[in-house]
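Chain B is fixed; fit chain R onto it per the hints.
Number of protein chains: 2
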Amino acid sequence: MSSPKQSKPKARLPRGFRDRGAGEIMAEQKMLATIRAVYESYGFEPLETPAFEYTDALGKFLPDVDRPNEGVFSLKDDDQQWMSLRYDLTAPLARHVAANFQTLTKPFRRYQTGSVWRNEKPGPGRYREFTQFDADTVGSASASADAELLMMLSDTMEALGLKRGDYIVKLNNRKLLDGVLEASGVALEDRIKRGVVLRAIDKIDRLGVEGVSALLGEGRKDESGDFTKGAGLSPDQAHRILAFVAPDAEDEEAHLRQIGTLVGSSAVGAAGLNELEQIVKLLSACGYGPDRVLFDTGVVRGLDYYTGAVFEAQLTFPVKNEDDEEVVFGSVAGGGRYDDLVARFTGQQVPATGVSIGVSRLMSALASRGLSAAVKSPLIVVTVFDKADAAASFMLVQELRAAGLRAEAYVGNGKMGDQFKYADRRGAAIAVVEGGDERARGEVTLKDLALGTELAKSVETRAEWVANREAQKSVKRTDLVTEIKAMLKANAKGDA
Amino acid sequence: MSSPKQSKPKARLPRGFRDRGAGEIMAEQKMLATIRAVYESYGFEPLETPAFEYTDALGKFLPDVDRPNEGVFSLKDDDQQWMSLRYDLTAPLARHVAANFQTLTKPFRRYQTGSVWRNEKPGPGRYREFTQFDADTVGSASASADAELLMMLSDTMEALGLKRGDYIVKLNNRKLLDGVLEASGVALEDRIKRGVVLRAIDKIDRLGVEGVSALLGEGRKDESGDFTKGAGLSPDQAHRILAFVAPDAEDEEAHLRQIGTLVGSSAVGAAGLNELEQIVKLLSACGYGPDRVLFDTGVVRGLDYYTGAVFEAQLTFPVKNEDDEEVVFGSVAGGGRYDDLVARFTGQQVPATGVSIGVSRLMSALASRGLSAAVKSPLIVVTVFDKADAAASFMLVQELRAAGLRAEAYVGNGKMGDQFKYADRRGAAIAVVEGGDERARGEVTLKDLALGTELAKSVETRAEWVANREAQKSVKRTDLVTEIKAMLKANAKGDA
Chain B
1 MSSPKQSKPK
11 ARLPRGFRDR
21 GAGEIMAEQK
31 MLATIRAVYE
41 SYGFEPLETP
51 AFEYTDALGK
61 FLPDVDRPNE
71 GVFSLKDDDQ
81 QWMSLRYDLT
91 APLARHVAAN
101 FQTLTKPFRR
111 YQTGSVWRNE
121 KPGPGRYREF
131 TQFDADTVGS
141 ASASADAELL
151 MMLSDTMEAL
161 GLKRGDYIVK
171 LNNRKLLDGV
181 LEASGVALED
191 RIKRGVVLRA
201 IDKIDRLGVE
211 GVSALLGEGR
221 KDESGDFTKG
231 AGLSPDQAHR
241 ILAFVAPDAE
251 DEEAHLRQIG
261 TLVGSSAVGA
271 AGLNELEQIV
281 KLLSACGYGP
291 DRVLFDTGVV
301 RGLDYYTGAV
311 FEAQLTFPVK
321 NEDDEEVVFG
331 SVAGGGRYDD
341 LVARFTGQQV
351 PATGVSIGVS
361 RLMSALASRG
371 LSAAVKSPLI
381 VVTVFDKADA
391 AASFMLVQEL
401 RAAGLRAEAY
411 VGNGKMGDQF
421 KYADRRGAAI
431 AVVEGGDERA
441 RGEVTLKDLA
451 LGTELAKSVE
461 TRAEWVANRE
471 AQKSVKRTDL
481 VTEIKAMLKA
491 NAKGDA
Chain R
1001 MSSPKQSKPK
1011 ARLPRGFRDR
1021 GAGEIMAEQK
1031 MLATIRAVYE
1041 SYGFEPLETP
1051 AFEYTDALGK
1061 FLPDVDRPNE
1071 GVFSLKDDDQ
1081 QWMSLRYDLT
1091 APLARHVAAN
1101 FQTLTKPFRR
1111 YQTGSVWRNE
1121 KPGPGRYREF
1131 TQFDADTVGS
1141 ASASADAELL
1151 MMLSDTMEAL
1161 GLKRGDYIVK
1171 LNNRKLLDGV
1181 LEASGVALED
1191 RIKRGVVLRA
1201 IDKIDRLGVE
1211 GVSALLGEGR
1221 KDESGDFTKG
1231 AGLSPDQAHR
1241 ILAFVAPDAE
1251 DEEAHLRQIG
1261 TLVGSSAVGA
1271 AGLNELEQIV
1281 KLLSACGYGP
1291 DRVLFDTGVV
1301 RGLDYYTGAV
1311 FEAQLTFPVK
1321 NEDDEEVVFG
1331 SVAGGGRYDD
1341 LVARFTGQQV
1351 PATGVSIGVS
1361 RLMSALASRG
1371 LSAAVKSPLI
1381 VVTVFDKADA
1391 AASFMLVQEL
1401 RAAGLRAEAY
1411 VGNGKMGDQF
1421 KYADRRGAAI
1431 AVVEGGDERA
1441 RGEVTLKDLA
1451 LGTELAKSVE
1461 TRAEWVANRE
1471 AQKSVKRTDL
1481 VTEIKAMLKA
1491 NAKGDA
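From first to last, the protein sequence lines are chains B and R.
Under our numbering, read the first sequence as residues 1 to 496, first letter to last.
Under our numbering, read the second sequence as residues 1001 to 1496, first letter to last.
Hints are not guaranteed to be accurate.
One-sided and incomplete, this derived list gives chain B residues near chain R with beta-carbon spacing under 8 Å [claimed, not checked]:
id	residue
1	PHE17
2	ARG20
3	TYR42
4	GLU45
5	GLU48
6	HIS96
7	ALA98
8	THR105
9	GLY139
10	ALA390
11	GLN398
12	GLU399
13	ALA403
14	GLU408
Once the Cα atoms are required to be at most 25 Å apart in a straight line, the calculated SDA-like pairs of lysine to any residue come out as [said to hold, decoys possible]:
id	chain 1	residue 1	chain 2	residue 2
15	R	LYS1030	B	ALA403
16	R	LYS1106	B	LEU396
17	B	LYS60	R	ASP1079
18	R	LYS1163	B	ARG406
Hints in this document: simulated from the structure, not taken from any laboratory.
Where is the CB? At the ideal position from N, CA and C, for every residue including glycine.
For reference, chain B alone in the conformation it holds in the complex (with noise of 0.2 Å):
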């Protein structure tokens, strides 16, 4: 096959993809099973709907308004109709459940996990695929629905090894905000404003009040001098908003009172009040208490469809950010209560909440945190002297395998020094050898890999490494999977 160079394809992603190995696969491996298994103590079933959706059905959710168009990959099909590969599993949840209401058993409580596309610039730890594992509720009003999702995100923190105090579940209610913003004069029904208003508060971590008042207002000029358009809201109404998101009550009685002040006489707010105070009861008695669930009016969340309860889990400790600066973690999981999103489809109402974890982003998290490493199995490889005559060391590692151990023959053209080096760049713990001489005589040699590295460490020169054989030893080939099992039993000994 040799075409001219010039025709050739380059070897190389797409920006905003990567290729992931070993280590993090595992490692995510070990986390979705860990999730999994909290959702499904809950009752929660799996539910799997596929990568591309119409793109009507999808809508138009994402939070980043100001390019409509491109948050999301794409293309027309045969019959020229527009699909959509999906943004985040909510969506296509909704489409599912209006196109299958009459037979579901609600309330629907399914799970699901995968990926999702975003066709967003991609920027440094920024991808445009990525993981989310999702629980919702669909079906349900009731303030149980999403006081349960708030327990099992904060049992699945601690299940994931997340100590208390390093992780914080933030639980807010968007009919409070609506509350504020019809007693300051604002129109709910202006969507649009309301969620310029939304997208403001959101950024109060990265913007300070400051910042969000010019949002607010009449907008805001960045560092780099491009200027934002506000929301257009008077300094009293903005004031009004800011008096609610960063509020200066000194305990928790005085902030619910100023809450009810601030949104007045507006029904919607005391809805968002009674909703809250229903969840926190819940939630207080089967002790999740501030320590672990905690009412902070900061949080609204940036997408637009959530209707009542917004949550969001944060994590509290420091991590150094890409300028080496330390910074809180932030949030990993966020979701809340969204109950017109079925009704796009069927006119009808249902009410729905739930709940979305950025695995990946809580991935990195757990590794700063030492808590995500996954457990390989030791692997033995077993060389292969005579290429001619393989058979006896693919039989050796049948063995090998029969006794539940992770092992391969080398399967390469190298020489025995390649094959040794191999066996050491693929981590592994033992080398198998079984020489002519040594199968005449019955017996094999295992060199202790990790025990070699480690002696290779402390000898002066390469002859006398040589010389040092503690680190193999010639054994019974009959007691191969014995004396095997022992040298890795030691090994784990030393690693402790």
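Just chain R, lined up with the frame of chain B:
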């Protein structure tokens, strides 16, 4: 959210895509875990590549050459470069190896599982998104690398519960066919003609010798009257190829002699025979005789890129097709050696061999053998008697989960009757009721739903059914976990 009726999106999936429910997902999870365990025991480690690749990096290797631009889903990135969703896991592997060639440990042994997408006409049981499970060894030309994959494929079939005789792995070598082509005067450089020949042979199970003979010659008219252009071989050439594909030799030895005659003095044919011999020798030494891996010249595989060994796992037991006819299930996995794929990028040949399992096909095969059922642990539904005081039910559920049980409190808005109906439809094993009076007495009621369903069948009237108290039982609140475990144990015995 009251949008006018005409603007509502329809709740439906794009053609050729589907949702999958809990039963199928859990069965697939179990199957993937089994395959993963076998592959890892052989020393293969996971790799993950993204859904998208640059279109030119994927290449055009789909067998459906009649629709060269329609086999894949493609779209233009912001920078006007074409990207496509992967249609298999081999092309992305070749790209990964070419991009990371210097740093990879060779032979590079990886497995990957994930969705692939084909932009093809959907049909019954034929979807545009499906799961593959691949394992490949890159960087070894050794026959032992091929032999190992064949053993691993056979082991996998047996690990999934298939009996010897229910499956067979068939082995052939492209070089033998190339030798026959060369000996019959077809230029091997004529890749297009070679491709037409390959795909004609690949259809022998469906079209028989006569149909393939027509496709090797001028062409073939099918039942619908459509004419497929043939490879244009002479009757003599076609005869020679058919003698290879559908041999009439009495035994293996006579067959090999016949092949020797058919490839004549072709060097590539001789190389093919030599490779075949080495693989079979290794297989038979390790106990993989013709009852597990069988040499069969009828297997050629449709993909263009194979260069040596090709193989296919077939299930030999009969199943009913859509027309209720008994047919042999057929191929569930395939693979082979492809020494030129990495060279597309680098210009340098990198020998490689791999196997791919069609996960969905294999799963439906296992289901027809009763081998795919995932075991769900039994679900306990705790009803909520008084919605204003749901906390008691939630605390009860917490206690059950802490004891390792799968349990949920009812989060919907239904009355008690609805709640029992819900528990029933969810397939719950037990419903738990704690009314106000019971709580005062320190008791709860357990409803054995499996037993209740059974008993309900034998009673005539609802009154009688209500009077029938054997399916439910009052127990002390403090004995809750013990009593539930005993009830589940009794149920499990009843099932067995």
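Practice prompt. Could you grab the alpha-carbon distance between R/LYS1163 and B/ARG406 and see if it respects the 25 Å cut-off?
Written response: holds (24 Å)
Discussion item. Tell me if the interface restraint on B/GLU408 is satisfied: Cβ within less than 8 Å of some Cβ in chain R.
Written reply: This interface hint holds because 3 Å falls under the 8 Å limit.
Worksheet item: Are B/GLN398 and chain R close enough, Cβ to Cβ, to be under 8 Å, as the hint says?
Response: Hint holds; B/GLN398 Cβ to chain R Cβ min 6 Å, cut 8 Å.
Worksheet item: With a cut-off of 8 Å, does the beta carbon of B/TYR42 approach a beta carbon of chain R closely enough for the hint to hold?
Response: holds (6 Å)
Discussion item. Does R/ASP1079 sit within 25 Å of B/LYS60, going by the straight-line distance between their CA atoms?
Written reply: Distance of about 23 Å is within 25 Å: holds.
Worksheet item: Going by Cβ atoms only, is B/ALA390 closer than 8 Å to chain R?
Response: holds (5 Å)
Worksheet entry | Restraint satisfaction for B/GLU399 [CB to CB of chain R, less than 8 Å] | violated (10 Å)
Worksheet item: Can we keep the B/HIS96 interface hint, with Cβ of chain R closer than 8 Å?
Response: holds (6 Å)
Practice prompt. Go through the hint on B/GLU45 and say holds or violated, using the shortest Cβ distance to chain R against 8 Å.
Written response: At 4 Å from the nearest chain R Cβ, B/GLU45 passes the 8 Å test, so the hint holds.
Item to complete: Would you check the hint for R/LYS1106 and B/LEU396, treating anything up to 25 Å between C-alpha atoms as holding?
Response: holds (22 Å)
Worksheet entry | Residue hint B/ALA98, partner chain R, criterion CB-CB below 8 Å | holds (4 Å)
Discussion item. Please check whether B/ALA403 passes as an interface residue: C-beta within 8 Å of a C-beta belonging to chain R.
Written reply: violated (11 Å)
Of the numbered hints stated above, those contradicted by the structure are hints 12, 13, listed in ascending order.
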